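Enquirer: So the protein lines, in turn, are chains W and A.
The numbering of the first sequence is full-length UniProt numbering, which starts it at 1 and goes up by one.
The numbering of the second sequence is full-length UniProt numbering, which starts it at 1 and goes up by one.
Certain hints may be false.
Some chain A residues near chain W, calculated using beta-carbon distances under 8 Å [as the list claims (entries may be wrong)]:
#1 E29
#2 L31
#3 Q33
#4 E37
#5 S59
#6 V60
#7 D62
#8 V63
#9 E65
#10 L66
#11 D68
#12 T69
#13 D114
#14 R181
Treat the hints as calculated values from the structure; they're not laboratory data.
From a predicted model like this one, the values you see are computed outputs, not experimental measurements.
Ideal Cβ positions, reconstructed from N, Cα and C, are used throughout, including at glycine.
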Amino acid sequence: MIQGKLSSDLLRGHTDTMILNLLLSGDKYGYQITKLIYANSGENYELKEATMYSSLKRLEKEGNITSYWGDANQGGRRKYYKITPIGEKTYKQNKRNWEQAKFILEKLL
Amino acid sequence: MNKNEQLKAYVHTIFAPYQDIKSANEFEEELLQNLLEKYSEHKQNGYSDQDAYQMTIDSVGDVSELIDTLNLSYNELEEAIQMNFSKQRLTDSDFQSVSVHDGKFNYSNLKRSDFSNSDLKNSTFKGSDLTECTFENANLTKTLFRNSNLNKVTFNNCIYVGTYFKRCNLTGLVFDGETFRSNVQFRGNDLKKADFNGATMDQLTYNFLKASDADLSNVIIHKGGL
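Extracted from the complex, chain A is given alone in its bound form:
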């Protein structure tokens, strides 16, 4: 990703929770335009890509002051809590430790985003590109992954209850040692070379995986109620 793209992603991350608010969209466009021009001028003055990028980012100042400037009404903030990240380009976004339950991440480019420690309860990822995303200690209760690209995604120590993987690319993913507590469903996924070594799951999940020809040697089947 070039530095202009990186600046775009950086600014987008600041405003990501306020996508449905017109004033926020315009403000994002305005700030990005300033930063792109600033970056290009630093470059013309002979700074390296990295130095020019760093100077540009440093010139933003206090991000919370920027959000205050939006002067959002209570209703608008309430709406932002019901986050909708659909149809967004959110590559390299940092969602660490955020609570976005009921979030909609549909038809989005989320490559390399980090969802570690986040609460994604009831969230949906439909038709999204999640290549190289990280889900560590994430709560995936009733989270739906449908028609999404999960190439090289890291799942580690997540909470899986009623999590649903439907028609996703799960080739080569490592679920070893993960605990699928109950009603985790895998339907129509590509599970070639997916690794479930030492994973714990109930009979239902086991049957789904078995039907998908996943390698289930060394899987521990529990009787539910974990």
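For reference, chain W alone in the conformation it holds in the complex:
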């Protein structure tokens, strides 16, 4: 698990892109998102609920995603998030920006 605050902040800055990436493969609800981020990070990064929601609400406001309530199952209702065409563009752009930043940082650090 990532302990240092700095490394955690570095990752936090990319929460929007991480979530958009997950939604590219299909609609997902909150718990699925945190679970997949934990699993796909090799159990190295736990996305906090507060961080996830501040990102989800921002993405929704910017038109990158939409949300809808699923049917109630035995536990309760789940709210699903869906990526929009704008979101797909944002994802590609963010990914390009990251590739570029990585290229530069690897030369400088």
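With chain W fixed as given, assemble chain A onto it according to the hints.
Expert: What follows is chain A alone, placed relative to chain W:
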């Protein structure tokens, strides 16, 4: 209370001041659903109730960030200040040191909640279950308790001015050493075995209690103006 109930109470406490706001209600439902599933998965992975609960709560992160996410307008925040906790299930809530004057805690389940150091001026508790609640150093000026269950409630060093206890269960409560400053009224309460040893009160309060057959030996009567 099982851990699912405890999670529900925990999430509810976060959103309690924003009950009248639809976006807050939906957000509460959504967050709770995530946490319940997370908890159940930790359990399936072999963690104890307590460990699974702690891991789930720790995964929430910064609560103030959650509230920021609600992106409440100024008007909505203003409304939230006029708090209404009516018809809520708020067991084990922590209201310590909060200012909720004019708050309405009606027809609510508030078992084991802590109101210590809080300002409850003009607040009403009608038809609510206050079993095992704590009121230490609370300001109960003009606070109304009506038809509420006050079984095993702790009152200690509160400010009582015009506080009104009407038709409440006050059996066995300890008010010893408490100072009822003025116009504190007790009407139609069950006061069996209530303890007012060393309490200070004015004649009005004394008369009410006397009429309810409370044990008033060792009560100090003051002439008002405390």
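Enquirer: None of the hints should be skipped; say for each whether it holds.
Expert: Outcome of the hint check:
1. A cut of 8 Å between beta carbons decides the hint on A:E29: the least distance to chain W is about 7 Å, and the hint holds.
2. The beta carbon of A:L31 is positioned within 8 Å of a beta carbon in chain W (closest approach about 6 Å), and the interface hint is therefore held.
3. A distance limit of 8 Å between C-beta atoms decides the matter here; for A:Q33 the minimum to chain W is near 5 Å, and the interface restraint holds.
4. A cut of 8 Å between beta carbons decides the hint on A:E37: the least distance to chain W is about 5 Å, and the hint holds.
5. Interface restraint check: A:S59 against chain W, minimum CB-CB distance 6 Å, threshold 8 Å, status holds.
6. At its closest, the beta carbon of A:V60 sits 5 Å from a beta carbon of chain W; the interface hint therefore holds under the 8 Å criterion.
7. Hint status for A:D62: holds, given a least beta-carbon distance of 5 Å to chain W, under 8 Å.
8. At its closest, the beta carbon of A:V63 sits 7 Å from a beta carbon of chain W; the interface hint therefore holds under the 8 Å criterion.
9. Among the interface hints, the one on A:E65 holds; its C-beta lies about 4 Å from the nearest C-beta in chain W, closer than the 8 Å criterion.
10. The beta carbon of A:L66 comes within 5 Å of a beta carbon in chain W, closer than 8 Å, and the hint placing it at the interface holds.
11. With its C-beta approaching chain W no nearer than about 7 Å, A:D68 sits inside the 8 Å limit, and its interface hint holds.
12. The beta carbon of A:T69 comes within 5 Å of a beta carbon in chain W, closer than 8 Å, and the hint placing it at the interface holds.
13. Because the beta carbon of A:D114 sits about 24 Å from the nearest beta carbon in chain W, more than 8 Å, this interface hint is broken.
14. Taking 8 Å as the C-beta cut-off, the interface hint given for A:R181 is violated, the closest approach to chain W being about 44 Å.
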